[in-house]
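**Q** Using the hints, position chain P against chain H.
There are 2 protein chains.
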Amino acid sequence: MTVRALVFDAYGTLYDVQSVRGLAVELCGRKGELVTQLWRLKQLEYSWLRGLMGGDEDFWRLTRASLEFALEAAGVAVDPKLCERLMAKYLDLDLYPGAREALDALAGRKLAILSNGSQKMLDALVEASGVGPLFADVISVARAKTFKPDPKCYALVEQALGVGKHEVLFVSSNGFDVAGAKAFGFKVAWIERGGGVTPASSDIGPAEFYKLLRGRAEKLGPGADFRIKALTDLPSVAARLG
Amino acid sequence: MTVRALVFDAYGTLYDVQSVRGLAVELCGRKGELVTQLWRLKQLEYSWLRGLMGGDEDFWRLTRASLEFALEAAGVAVDPKLCERLMAKYLDLDLYPGAREALDALAGRKLAILSNGSQKMLDALVEASGVGPLFADVISVARAKTFKPDPKCYALVEQALGVGKHEVLFVSSNGFDVAGAKAFGFKVAWIERGGGVTPASSDIGPAEFYKLLRGRAEKLGPGADFRIKALTDLPSVAARLG
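Those protein sequence lines, which keep their order, are chains H and P.
Counting along the first sequence from 1, when you hit position 6 you're at 5 in numbering that gives the first Met the number 0, and nothing is skipped either side.
Counting along the second sequence from 1, when you hit position 122 you're at 121 in numbering that gives the first Met the number 0, and nothing is skipped either side.
None of these hints come from the bench; they were simulated from the model.
There may be inaccurate statements among the hints.
No copy is singled out in the list; a pair is fine if it fits within one copy or between any two copies.
Below, in silico cross-link-like pairs of lysine-lysine (DSS-like), each with a Cα-Cα straight-line distance of 30 angstroms or less [what the hints assert, rightly or not]:
#, residue 1, residue 2
1, K144, K218
2, K228, K210
3, K80, K228
4, K218, K164
5, K88, K164
6, K80, K109
7, K151, K80
8, K80, K164
9, K88, K218
10, K80, K218
11, K151, K88
12, K151, K218
13, K228, K151
14, K119, K218
15, K119, K164
Computed from a predicted model, the values in this text were never measured in an experiment.
Isolated chain H (complex conformation) (with noise of 0.2 angstroms):
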């Protein structure tokens, strides 16, 4: 196999959606790690759900809609201010460590981003963390009007890049998008991160309990292809693939 492209995805992947809990315990005290953990997953409940009932809802809407969950839940009250500099966050969230060194050392390859956020905000967080030139295409599941992990998202790469499936390596930490993106076909390389530390009994919290139910393998079909620890992996792992 020859990989012509590696596509990344983008919130979790490259970018540490982990990184607005210094925000949220700045705005919302005693409840910031709360709202951080229950923002994230209700997100990624809405794209899920978004996905199957249809409507074409746009990522940043979806976003902004599970905040406003996740605050009320909280007990936190919604500002439109507080929410609106939470949501800014998501233009700016912080590359993982190494994400930038594994992209230069990949740049003779075809890059590119497949992500669930909306066009206007991949571009932002491109523009914001200065990887922009380094991508061949920075492609929205919105062209293709729903979410991953249903497949027409990951056909939109053949389409933009020119290749045929079997020539990308897809990157994600996501278990559900590493079973997605199996399934349609690509070879996969599963970051992962850690799903926690085995606990010793039911007594966690929301960031524990979040590992747990995020950062393991799905049970949803073929694993990945490869497993590595971190972005920094990636140059050896496509350059044994040729």
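**A** Frame of chain H, contents of chain P only:
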């Protein structure tokens, strides 16, 4: 509007999915509460993800896969006998208090269940709880080869019961199901079983986190037509509608 049929969601609406907790605690000790919450959340996630991915997976297999995920995440050995005992409880979940009383009071109308469960699971559940004779039909979404809230699921009702969508009062405690049924065009009664107590801080356990995530109205379009506190409030809602 005349209500010609009342259609009930099963899991979480007529039947208490949290009633697996007792057995989970018996079998998994201090991890039982954690297993209970991870299991249910992952089961829901898998239904939505499989619905989006396609693949027509049976809900019984999804439920088993999500149980194994939950056990592994909690650090409990995936023993086949333990799994079988917990799975068996899914065929014999407790009816919510007042369920039989409410169904009896509504027995002059056409009643049905529409559930993500497989036909086998639902038939077993309805038989174990002795309410089978009260229903005109027990409809598994498997007939539509997808899961709620895909509109194809709700469309099964019209065909199965011979009623128009505007003649149906759909009853669910699940926010995502309310959103899907409402978007489809049913009149909807939401059983608000409580989104948990507003927490004082981020320091909450899995059961409370589950309630915050699942017990509230979703921000996915128009809300329910009726908000009720218990199944026993239904006869008066139905009487009002005619």
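**Q** Confirm or reject each hint.
**A** Hint-by-hint comparison with the structure:
{"no.": "1", "hint": "K144 with K218", "verdict": "both (26 angstroms within a copy, 19 angstroms between copies)"}
{"no.": "2", "hint": "K228 with K210", "verdict": "within (15 angstroms within a copy, 33 angstroms between copies)"}
{"no.": "3", "hint": "K80 with K228", "verdict": "neither (37 angstroms within a copy, 34 angstroms between copies)"}
{"no.": "4", "hint": "K218 with K164", "verdict": "within (22 angstroms within a copy, 36 angstroms between copies)"}
{"no.": "5", "hint": "K88 with K164", "verdict": "neither (33 angstroms within a copy, 42 angstroms between copies)"}
{"no.": "6", "hint": "K80 with K109", "verdict": "neither (40 angstroms within a copy, 49 angstroms between copies)"}
{"no.": "7", "hint": "K151 with K80", "verdict": "neither (36 angstroms within a copy, 39 angstroms between copies)"}
{"no.": "8", "hint": "K80 with K164", "verdict": "neither (43 angstroms within a copy, 41 angstroms between copies)"}
{"no.": "9", "hint": "K88 with K218", "verdict": "between (32 angstroms within a copy, 21 angstroms between copies)"}
{"no.": "10", "hint": "K80 with K218", "verdict": "between (40 angstroms within a copy, 19 angstroms between copies)"}
{"no.": "11", "hint": "K151 with K88", "verdict": "within (29 angstroms within a copy, 37 angstroms between copies)"}
{"no.": "12", "hint": "K151 with K218", "verdict": "both (21 angstroms within a copy, 25 angstroms between copies)"}
{"no.": "13", "hint": "K228 with K151", "verdict": "within (28 angstroms within a copy, 40 angstroms between copies)"}
{"no.": "14", "hint": "K119 with K218", "verdict": "between (33 angstroms within a copy, 22 angstroms between copies)"}
{"no.": "15", "hint": "K119 with K164", "verdict": "within (26 angstroms within a copy, 38 angstroms between copies)"}
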